[in-house]
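**Student:** These protein sequence lines map, in sequence, to chains V and E. Take the first sequence: its position 249, counted from the start at 1, is 249 in our numbering, and no numbers get skipped. Take the second sequence: its position 151, counted from the start at 1, is 151 in our numbering, and no numbers get skipped.
Treat the hints with care, as some may be off.
[Said to hold, decoys possible] In silico lysine-lysine, DSBU-like type, Cα no more than 30 Å apart, as pairs:
hint, chain 1, residue 1, chain 2, residue 2
1, E, 334, V, 39
2, E, 250, E, 189
3, E, 57, V, 39
4, E, 299, E, 37
5, E, 37, E, 161
6, E, 190, E, 171
7, E, 171, E, 225
8, E, 115, E, 247
9, E, 295, E, 38
10, E, 115, V, 97
11, E, 225, E, 161
12, V, 39, E, 115
13, E, 207, E, 182
14, E, 119, V, 39
15, E, 247, E, 225
16, E, 295, E, 225
17, E, 62, V, 39
18, E, 37, V, 39
19, E, 62, V, 97
20, E, 38, V, 39
21, E, 57, E, 303
22, V, 39, E, 295
It is worth saying that the hints were derived from the structure and are not from the lab. The structure presented is a predicted model; accordingly, all values stated were derived computationally and were not measured.
Single-letter residue listing:
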Amino acid sequence: MSSTSKSHGWKSLLLSHEFILFAVVVAEWIFFYFIATSKNYTGHTVGFGTMDAQFDILRHTCEIGLLALVMTPIILTGGIDLSVGSVLGVSAIIFGKLWHDEHFSIPAAICGALIIGASAGGLNAFLITWLRLPPLIVTLGTYSLFRGLAEAITHGSITYTGFPDSFNYLGQERWLGMPAQLPIFVIVAIGVWLLVHRMTFGRSFRAIGYAPEGARYAGLPVERRLAMVYVLAGVVAALAGIIYTARLGEAKADSGTGYELFAITAVVLGGTSIFGGVGSVHGTLLGVAAVAILKNGISLAHGSTEMADMLTGVLLILALSASIVPKILSKRPARVQTVPSTPQPTPTT
Amino acid sequence: MKRILVLLLTAGLVLSGCGKSDTGSSATSTPVAASGKKLTIGLLPKAKGNPYFVSVKNGAQKAADELGDTLIFDGPTNDDAAKQNETVENWINSGVDVIAVAAEDENSLSTPLRKAQAKGIKVVSFDADVLPDARTFFVNQATPQGIGYALMDKAAELCGKEGEFAIITAKLTAANQNEWKKYIDEDLKKNYPKMILVDFRPGDDDKALSQTVATELMSAHPNLKLIMAISSIAVPAAAEAVKQAGKVGKVNVIGLGLPNENKQYVHDGVTNCVILWNTGDLGYLTVQAADALVKGTLKPGDKSFKVGTTTYEISGDNILLGQPYTFEKSNIDKFDF
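So here's chain E without its partners, still in its complex pose (with noise of 0.2 Å):
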């Protein structure tokens, strides 16, 4: 009898506890209904919780909700191939429309994402390319031409086009830098005559080594109007040297960095501005394009795209962001990453 009782308890409390786990989980997520235009994409970030991505993540939300599309944001919490590759399968066995991704490993994730493009899965990347084989279209964020020839028009705005400026790089073989440095060197050349760069020294993505660097740089130099930091370590470095050397207005810096690294110095007026892409523009256009992707707005060999009033260049299989974008004083408070 007692034995009777304690079965009948427990099945109610497995009973109850299954009852509760399908009010819970039903009200969240209801099935897809088969409905015609409505697409449902999945965005893949290379971990949700970066500020980075959030940001993309309240661009692109915001063109699925002017497309009336269903936006899947979901991936690793951490930087982690295996977690992408998982979501990807997911996402191809639940039957999203399309999927955007941020790859963490190029080589990685071409495997699955080929497995979705064979069973008809459209495939864009932004911000981090997987193989080209493995998407339509990759969504650059910037190009090095454009980043070069940003930082050193900037330069020189602020140096009135004349007189001595010096660059801290990361380290002396890094190829991103490199080739930033080559458009800035192109821009220089073509258009600054009277700017002199008088050092090109590595900072090795170092806080420390930079900043000492930019000491060195300021003694070394007393001319000096401007630093211009090219990996996002140095652009904080170098705006505490100068402050620290008590140059603040005498000696600008400018940088390609993050926003919120970088806040406080361009409120003090250390550092004038840092340059990078919109991140919300990133991911507002990859939604567009992956939308228009399955629409069959846009195609492989075009040579633009518009969205509203805006056009976008392509590229060979890149769409083009465009400019940089400039986060100085008035902008970079509404700016988290």
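So here's chain V without its partners, still in its complex pose (with noise of 0.2 Å):
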């Protein structure tokens, strides 16, 4: 796409899905900041203008984050993975247990419930790599299953609470002015966008999400690919569930429930097709931007939950039809001038 209309850089760059959902989250920005920001009667400004709003707003959207960053490459290999949520859960209740009940220190829980995370990546993508089944079957089974794992050590009742203040400063706490996870954030954030963009493995997720069956005469070790991009999942999943526990200060059973969804909203939002080979990191994060902005502005004007599921699919919608028209716009034409044989040419124009 970008080889034939070089020459117009430019306009490719404004017609970008990237480029209009920037342009939707800046008028999302300004838009809350004007209905949304209001003085209260001692004369304090309050509500989304403020800096507090949002912090509030980058600690709310870092698990969903997490995970959207995650879900990039899987989507860009045309897989999916719907088991983050439970992922995010069942480590949350190991790193609980183990430091509740096992008597570990936090450093060693946490290794415990990052380990927890990668060896339930691994166990989809060996579902998914060595026995060839779809992705979306896959992780459907091990979403219920990890899920059903977090209940049953818990009994669905138990929670684990009490955890040290310098734990859960990592969740609520500032550090040097911001949120204490978010320089987590930013890492796993460059991270993940070296990966896709700066990295071989970029292109050999997009490739095999064109074709996977090219990819593999190509010579590229599709197996370990797909491995590597659904244990790096599983494992941010983890780091997720306990940044989750630290901002609650509790890790439960239901952790992270629906998260798996937004993550995916997230992701497409962005930009990246949902059946594969398309897609950027950055376009990930807009989205997050996105459907953070909307669902804590929708809040902090004072409307209601209902409303911001319904505006997010709405924008979910439109995001996806804005950048589609312009190449069924474009195309039109085209086709118009393939036909040039039929026997009455139309007089109107």
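Dock the two chains into a complex; use the hints.
**Tutor:** In structure tokens, the structure reads:
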């Protein structure tokens, strides 16, 4: 696409999905800045426009953002991982249990949870690559399996709490003026971006997404690459589980329920094709921002949660249509030109 | 040329999309004006679709309308502790004056509530308390004593103060039930010497088991006049057992339960009544207390709280809703939870 319109680089930039989405994010931000910021009767500015609100949006979005980041390479390969929310939950529970019942130190319990996340991702990878089962079905199964495991460990009722303040700091406090979990998110974001856009891995993900058999014939280690993205998703989901636990100060079996769908929404909104092959990590970040600003902005404007959910759906459909429309429009005249031999040329244009 | 056209069209589409969402949202949410005494109250349920909390909200809205306050009722659609925290944090940023919560989890919700208090936002809890340092008052819907006495008094009234009755509980180790049982025993010993508690059996919060237990109780005690079920699952189970045994009218059922699952039995005359609290009143009192706390008419250390003509007792930092409410044939249809 970019090769055909190299001379019109700025136009293709303006028409690119990422740019349109960026404009939407900016428009959302400005919109909520004006409608959801006000002065209370003591004269203090409250609402969306305050630094506190902006930082809280970042805190609320960190876990979903992490899941969306690692979902991007998976969807690029034409796969999907529905189990990330459940991996988040089971890792949080394992972390809590190791610390509370087994008296592990916090760093040791974190390592334990990350190992569980890697194993969970490894199970997905095994079933998908060695048994060649469709990712949708495999992760639909492990989605229930891991959530069930979290509930079995806690009997659905125990919540692990009473973590030291030094641990909760990670989810609740400020570090150098910013939410303490933000640096972790930034590091993961840079890491995934480099993986997808600056390494040969990224090209192999797209190749697998376009045509897995073609990629195999081209000599790409398809199985190893697939295993890599699913294990990475497991580890980062476990990391998100730890941050979630720190944010709430407790580990619960239902942690992260439904987060996989938010993550997929953000990835697709960010322009990654659900069929694989096309997409970008910065697009995903914009997708996360678009959803997060909308949800929190509506809440700060005292709108209801249902309205936020509905508008997220509308945003998804609008954004996707907006990037499709130019393609349709540019194709239409081309089609007219390919059928010049029609007996009755249309008089109206 | 074509490309410029496409560009313009796209820009138009994006702009019109934004324009639409502008008008749509601003109609529903106008910025809060910096007015004097009109308060904004955030009411956080455990789950906003739950009919129990919807009925709480109806009472709360009534109080807010009377006071001229703005009530925001928002929270998770299912019991989700993380969403509760996020709702509170957004309320802190958007500058509500007072927050009233029913906690899904007392530990995790206490963190953002302490943050709210540090920013000068008042906090009360209702229905399910948070940690005491994270709120000023807890609006307590019912004390174990109130429930125990209400159940025993009702049982004695239906039996004519004499005769045999039995209790079906949840599990023998259930803390709430044992607390209520303590006061049932106290009331029984003090006030009803001719009433005999013949059996106290667990139904394990299981419908089938509770029903079996009720059937066994009736065959083991032919003179049984009443079954009191103190687990909400056991009330309709006991009623079903009585109905199937053909003992409607001979053995009465009462219990602690929700109106909806007992409505049919109450209308059929199997169950005389279920006892709980009036959820609308709970919402009403919560908003009144929240409002008064901000305006300074309710302070820590107060011994009572007056709303209109009703005076509510305050025990420590618990505002007591008062006597439990009896849902019977005449009023049960007014409630939907």
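**Student:** Could you run down the list of hints and mark each one as holding or not?
**Tutor:** Going through the hints against the structure:
With a CA separation close to 42 Å, the supplied pair residue 334 of chain E and residue 39 of chain V exceeds the 30 Å bound. A threshold of 30 Å between alpha carbons decides the hint, and for residue 250 of chain E with residue 189 of chain E the separation of about 24 Å falls inside it, so the pair holds. A distance of roughly 27 Å separates the Cα atoms of residue 57 of chain E and residue 39 of chain V; the hinted pair therefore holds under the 30 Å criterion. With a C-alpha separation of about 18 Å, the suggested pair residue 299 of chain E and residue 37 of chain E falls inside the 30 Å cut-off, and the hint holds.
A hinted pair counts as satisfied when its Cα atoms are at most 30 Å apart, and residue 37 of chain E with residue 161 of chain E does not qualify at roughly 53 Å. Simply put, residue 190 of chain E and residue 171 of chain E have alpha-carbon atoms about 26 Å apart, close enough for the 30 Å limit, and the pair holds. Taking the CA atoms of residue 171 of chain E and residue 225 of chain E, the gap is near 23 Å; set against the 30 Å cutoff, the hint holds. A distance of roughly 57 Å separates the Cα atoms of residue 115 of chain E and residue 247 of chain E; the hinted pair therefore is violated under the 30 Å criterion.
Taking the CA atoms of residue 295 of chain E and residue 38 of chain E, the gap is about 10 Å. The hint holds against a cut of 30 Å. Proposed proximity of residue 115 of chain E and residue 97 of chain V is supported: the alpha carbons are some 28 Å apart, at most 30 Å. The suggested pairing of residue 225 of chain E with residue 161 of chain E holds, with an alpha-carbon distance near 11 Å, which does not exceed 30 Å. Taken as a hint, the residue 39 of chain V and residue 115 of chain E pair is honoured in the structure, with Cα atoms around 20 Å apart against an allowance of 30 Å.
Under the criterion of a C-alpha separation no larger than 30 Å, the hint pairing residue 207 of chain E with residue 182 of chain E is consistent with the structure, at around 24 Å. Our distance criterion of 30 Å between C-alpha atoms is met by residue 119 of chain E and residue 39 of chain V, whose separation comes to about 15 Å. Between the alpha carbons of residue 247 of chain E and residue 225 of chain E the distance comes to roughly 10 Å, so the proposed pair stays at or under 30 Å and holds. With a C-alpha separation of about 52 Å, the suggested pairing of residue 295 of chain E with residue 225 of chain E is violated against the 30 Å cut-off.
For the hint linking residue 62 of chain E to residue 39 of chain V, the alpha-carbon distance of about 27 Å falls within 30 Å, and the restraint holds. A C-alpha spacing of about 15 Å is found between residue 37 of chain E and residue 39 of chain V, which places the hinted pair at or below 30 Å, so the restraint holds. For the suggested pair residue 62 of chain E and residue 97 of chain V, the alpha carbons sit about 45 Å apart, so the restraint of at most 30 Å is broken. Taking the CA atoms of residue 38 of chain E and residue 39 of chain V, the gap is about 14 Å. The hint holds against a cut of 30 Å.
Between the alpha carbons of residue 57 of chain E and residue 303 of chain E the distance comes to roughly 26 Å, so the proposed pair stays at or under 30 Å and holds. Under the criterion of a C-alpha separation no larger than 30 Å, the hint pairing residue 39 of chain V with residue 295 of chain E is consistent with the structure, at around 20 Å.
Hints 1, 5, 8, 16 and 19, counting from the list given before, are not met by this structure.
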